[in-house]
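Visitor: What follows is each chain in one-letter form.
There are 2 protein chains.
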Amino acid sequence: VTAGVRGARDVDSVLGAYRLMVENDLEAVVAEAVDDAWMRGAIGYHLGWADDAFRRLPPGERVVGGKRMRAALALLAYEAATHEEGRDPDLGVVLPFATAVELFHSFTLVHDDLQDGDRLRWGRPTLGTVCGPAEAINVGDCLHALATGCIGRLRTRGVDPSTVDALTAELSRTAVELAVGQHHDLAFEEEAHVSVDRYLGMICRKTATLLRFAAYGGARLAAGPAKAAPYAEFGTALGLSFQIRDDVLGIWGTEAVTGKPAGRDIRRKKKTLPVVFALAGGAPQSDRMRSLYARHIELSAEEEAEVRQLLDEVGAIAFAQDQAQVHHTRALAALAAAARVPDAVEANRYLSDLRHLADFATERRF
Amino acid sequence: VTAGVRGARDVDSVLGAYRLMVENDLEAVVAEAVDDAWMRGAIGYHLGWADDAFRRLPPGERVVGGKRMRAALALLAYEAATHEEGRDPDLGVVLPFATAVELFHSFTLVHDDLQDGDRLRWGRPTLGTVCGPAEAINVGDCLHALATGCIGRLRTRGVDPSTVDALTAELSRTAVELAVGQHHDLAFEEEAHVSVDRYLGMICRKTATLLRFAAYGGARLAAGPAKAAPYAEFGTALGLSFQIRDDVLGIWGTEAVTGKPAGRDIRRKKKTLPVVFALAGGAPQSDRMRSLYARHIELSAEEEAEVRQLLDEVGAIAFAQDQAQVHHTRALAALAAAARVPDAVEANRYLSDLRHLADFATERRF
Numbered sequence: 040v041t042a043g044v045r046g047a048r049d050v051d052s053v054l055g056a057y058r059l060m061v062e063n064d065l066e067a068v069v070a071e072a073v074d075d076a077w078m079r080g081a082i083g084y085h086l087g088w089a090d091d092a093f094r095r096l097p098p099g100e101r102v103v104g105g106k107r108m109r110a111a112l113a114l115l116a117y118e119a120a121t122h123e124e125g126r127d128p129d130l131g132v133v134l135p136f137a138t139a140v141e142l143f144h145s146f147t148l149v150h151d152d153l154q155d156g157d158r159l160r161w162g163r164p165t166l167g168t169v170c171g172p173a174e175a176i177n178v179g180d181c182l183h184a185l186a187t188g189c190i191g192r193l194r195t196r197g198v199d200p201s202t203v204d205a206l207t208a209e210l211s212r213t214a215v216e217l218a219v220g221q222h223h224d225l226a227f228e229e230e231a232h233v234s235v236d237r238y239l240g241m242i243c244r245k246t247a248t249l250l251r252f253a254a255y256g257g258a259r260l261a262a263g264p265a266k267a268a269p270y271a272e273f274g275t276a277l278g279l280s281f282q283i284r285d286d287v288l289g290i291w292g293t294e295a296v297t298g299k300p301a302g303r304d305i306r307r308k309k310k311t312l313p314v315v316f317a318l319a320g321g322a323p324q325s326d327r328m329r330s331l332y333a334r335h336i337e338l339s340a341e342e343e344a345e346v347r348q349l350l351d352e353v354g355a356i357a358f359a360q361d362q363a364q365v366h367h368t369r370a371l372a373a374l375a376a377a378a379r380v381p382d383a384v385e386a387n388r389y390l391s392d393l394r395h396l397a398d399f400a401t402e403r404r405f
Numbered sequence: 040v041t042a043g044v045r046g047a048r049d050v051d052s053v054l055g056a057y058r059l060m061v062e063n064d065l066e067a068v069v070a071e072a073v074d075d076a077w078m079r080g081a082i083g084y085h086l087g088w089a090d091d092a093f094r095r096l097p098p099g100e101r102v103v104g105g106k107r108m109r110a111a112l113a114l115l116a117y118e119a120a121t122h123e124e125g126r127d128p129d130l131g132v133v134l135p136f137a138t139a140v141e142l143f144h145s146f147t148l149v150h151d152d153l154q155d156g157d158r159l160r161w162g163r164p165t166l167g168t169v170c171g172p173a174e175a176i177n178v179g180d181c182l183h184a185l186a187t188g189c190i191g192r193l194r195t196r197g198v199d200p201s202t203v204d205a206l207t208a209e210l211s212r213t214a215v216e217l218a219v220g221q222h223h224d225l226a227f228e229e230e231a232h233v234s235v236d237r238y239l240g241m242i243c244r245k246t247a248t249l250l251r252f253a254a255y256g257g258a259r260l261a262a263g264p265a266k267a268a269p270y271a272e273f274g275t276a277l278g279l280s281f282q283i284r285d286d287v288l289g290i291w292g293t294e295a296v297t298g299k300p301a302g303r304d305i306r307r308k309k310k311t312l313p314v315v316f317a318l319a320g321g322a323p324q325s326d327r328m329r330s331l332y333a334r335h336i337e338l339s340a341e342e343e344a345e346v347r348q349l350l351d352e353v354g355a356i357a358f359a360q361d362q363a364q365v366h367h368t369r370a371l372a373a374l375a376a377a378a379r380v381p382d383a384v385e386a387n388r389y390l391s392d393l394r395h396l397a398d399f400a401t402e403r404r405f
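Those protein sequences? They're chains A and B, same order as listed.
When we follow our numbering, the leftmost residue of the first sequence carries the number 40, and every step to the right adds one.
When we follow our numbering, the leftmost residue of the second sequence carries the number 40, and every step to the right adds one.
A hint or two may mislead.
[Said to hold, decoys possible] Covered stretches of chain A (chain B as the covering partner; in silico rule of three or more C-beta atoms under 8 Å from a C-beta of chain B):
id: 1; stretch: 67-80
id: 2; stretch: 164-178
id: 3; stretch: 304-312
id: 4; stretch: 365-378
FYI, nobody ran anything at the bench for these hints, they're computed from the structure.
We treat Cβ as the ideally placed atom computed from N, Cα and C, and that holds for glycine.
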């Protein structure tokens, strides 16, 4: 793990600067568009404003319902691109877009938890655990619809119709990509041979495509498609390093910091990057991995410990972290391309904050 | 059952006129927007173009994957409104909208079957039965995204951006309404007391809102919001009579004609209109109904037969069919309001075809 010495330390202040604005807008959108108290409560529970009886919590008692990293990415990309254009950013223009991205992300999390059978997220029972899978499918569908509607709110902020249409079309394409990526993720669980390349293609669709959309859309609201292109590239690279780091944390993270049960990815034999790497190798450890992963049962606690050991021995974690680093480097190159003056990322504090996000994605411990 | 003597007989020719055009456009949209063969196959299976191994079937071997009634409704509303404006209809303008409505409807069916645990639709295993619930959630999400993207295709047909935005916003609102209606439907299963009015409010959101959107949007692409308003009202009334008739068929229909297991609605104690009516009554039969429906188990075959008898004795089927008729009358009044010359529905063959649809919704046996 190299580079980004300020990264992981500074991310709280970077994200924190936008958090309240995003939370307030999320709550305002849901309050305006959903007239049913139960549905508002269910969405509020997932987003952290409501308790498990779906009663609204006062701001002081709310829990973490995600970092809102994707919203911050959209806002920062807009600010950075506006700054490069020599104009003053007006966050009111981009906020509906950032909120739409968070609503969309929330929809995918609610469905993803059902699909993976996950019962904990952010240290709390998942929505499906609280209200059952049928209702959770439904709440996810409602969040998906709210995200689409929220893009339309850009019209009220003076954004021209063709840009609104382009972003709506892009959201649809992103959602199709995500569904295909999710299919590959589910299908990989049944496949004995998943190459590293196919794995990277899957997370590109499943995870990176939404961060790409967030960064591209934010920049697109400040500048034309050509100037927004490096931000799209940044979003993709950020998403890949973020997901690969997630895979590493899924193996080595503790429940206290990740909010998810430790070791679950291994016991469920999830095909994360370190595992895919180890399964594809020629060492005796890879043979043992393949025989453990060929059976149609979850791994025992002893086998989980053995897999950790095997992954260590073949250098799978180091390989994965190096891959995260590759995309970190790619992200920084994209930021340099976004800057008017080459290598002048530090001159634009928003580009600099995006760099902190990239550092965080690659190095984070939570 | 009164009125509409030509209705149910003629509906095949009304729907048949649009069917091939809609099927072709659906397939073209999916082929263009989805680059993954599995996902295309899964969507194709649900829509009737692929077998249960998701292999594309030649046109001659395809099965029924829905009547495409909602697409036909959108196309007919457009034609009727264009005709009233004294212009010639150009179906190329409205087709992307009609296809979007069918894609959206398909998304809701895939998720609805999962939520209800239904294993048969159109006489075939549901998508969730074929590929499992996790993947079916995913395919439904993909269809939802494709529907949104498909509305955006209206731009390529010369529709002005503000109309495209208005229809996209309306789709989002429709989807939120539908999710709330679906929540009420699921919640009613746990509630002992559901009034007829609450039931009608639920189906208004869950079923009628999409038919309203189809009819309104079709007309809106031909004329301004004021002239499209009677079509919205027609769609709502059509949706209500269609759903209430569905409830009646769910009790009295056979698997051969409905494509769903006979008696399933009763055995699962679904709160359909005849049941809601009977449960709310004061007769001894209603007491017996309440005691049968208070238990947390499915009904036996004997109890199913008893419930049929009880529903008959309290006149629940007749009550429901009368309710369908109320909305049929309302639908015809909306058509009269849509005609430039009062009571001149017959002078516009598209309005006349919409009347056949209304007759079908109220009287259909499949």
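Visitor: With reference to the structure, classify each hint as holding or not holding.
Guide: Hint check results:
no., hint, result
1, 67-80, "holds (count 6)"
2, 164-178, "holds (count 6)"
3, 304-312, "violated (count 0)"
4, 365-378, "violated (count 0)"
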